[in-house]
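**Q** These are the residues of each chain, in order.
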Amino acid sequence: MDDEKLKTLFADFSPSIGNDETFMTRLQRNIEAVELIKQQALQSQRSNRKAVTISAAVGFICGVIFTLCYPYLKEAIGSFCLQIAGAEAFMTEYSTVILWSIICITTSALVYVAYDIASAVQKATVRPRGCPSIR
Amino acid sequence: MNRQQFTKYIEDNQRAVRRFLTALCCGDTELADDLAQDTFVKAYLNCDTFREDSKFLSWIYRIAYNTFISNRRSYRIDYGLSVAESMESSERSDVAFEYQPLYAALDRLSDKERMSILLHYMQGYSVAEITDITQSSADAVRQQLSRGRQHLKVLLKD
Chain Z
1 MDDEKLKTLF ADFSPSIGND ETFMTRLQRN IEAVELIKQQ ALQSQRSNRK AVTISAAVGF
61 ICGVIFTLCY PYLKEAIGSF CLQIAGAEAF MTEYSTVILW SIICITTSAL VYVAYDIASA
121 VQKATVRPRG CPSIR
Chain D
136 MNRQQFTKYI EDNQRAVRRF LTALCCGDTE LADDLAQDTF VKAYLNCDTF REDSKFLSWI
196 YRIAYNTFIS NRRSYRIDYG LSVAESMESS ERSDVAFEYQ PLYAALDRLS DKERMSILLH
256 YMQGYSVAEI TDITQSSADA VRQQLSRGRQ HLKVLLKD
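Those protein sequences? They're chains Z and D, same order as listed. All residue numbers for the first sequence refer to this note's numbering, where the first residue is 1 and numbers rise by one. All residue numbers for the second sequence refer to this note's numbering, where the first residue is 136 and numbers rise by one.
Chain Z on its own, in the form it takes in the complex (with noise of 0.2 Å):
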């Protein structure tokens, strides 16, 4: 088969396709949904940085709160050593690592606890348009 008589063929060819109008009708359903998803992950975005914001600050405010307690929690660990029988030398010698393994626990608790309290706060108040609330 040539050249010529394929063209002749395809030329003539006009596969029937559906109504048009239904097909656009149903593609402009398709993009309002895409829209709707694109809005929803715009918004989860922006409601996950003000939770990282806020956890970022409480994370500050919890430095700042244990800088400046420091030498009364030292204290309070050394004398709590002290109370210890048998472990007093081992728990004198680690006490600032224990001191700053509490602080550092204590503050990732906190920071995580006010992350999860932001997001799911930010969900509850922040709901996209057309999505219903779940009772």
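These are computed hints drawn from the structure, not numbers from a lab. All C-beta atoms in this analysis are idealised placements derived from N, C-alpha and C, irrespective of residue type, glycine included.
Just a few of them, taken from the derived set where beta-carbon distance is under 10 Å, the chain Z residues facing chain D:
#1 LEU9
#2 ALA11
#3 PRO15
#4 SER16
#5 PHE23
#6 MET24
#7 LEU27
#8 GLU35
#9 LYS38
Label pairs and their in silico Cβ distance ranges:
#10 D:SER272 - Z:SER108: 49 to 59 Å
#11 D:LEU180 - Z:ARG49: 21 to 31 Å
#12 D:ASP183 - Z:TYR72: 48 to 58 Å
#13 Z:ALA109 - D:LYS143: 52 to 62 Å
#14 D:ASN206 - Z:LEU42: 25 to 35 Å
#15 D:ASN201 - Z:ASP12: 21 to 31 Å
#16 D:PRO236 - Z:GLN28: 36 to 46 Å
#17 Z:ALA57 - D:GLU165: 49 to 59 Å
#18 D:LEU180 - Z:THR106: 43 to 53 Å
Based on the hints, put chain D in the right spot on chain Z.
**A** Relative to chain Z, chain D alone:
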């Protein structure tokens, strides 16, 4: 490109893309329409990346081709000769039966051969334009066209 401009482009060109996909799916209009919907939604999602200097329709055909290929990989659908059986109206059945030998012949071609043949003979694209759409080399496209012609020659003789 905003939504209005995109919708206008699609309204102007959707028939050609749907016809092309129907031919690519060997007459399965429902699947072709599904693929066309996927194609246009993908195009809408990426229309920010569309370069004004390149042809919009070529870009759409490239997305359509990739959508068709990924659909084939996912489902391995046998388009075959059952197409006419699924036709609803008698008019559409007549049209489908009229093109049945051509659909059957196209069905026997490889995806790439069918794509090149349809882009060249049905849509009137040159080899250079087909290389741009299918992201293949010019030699590969020429080879696909040549092989496609050879296969159609044998298949349509029967």
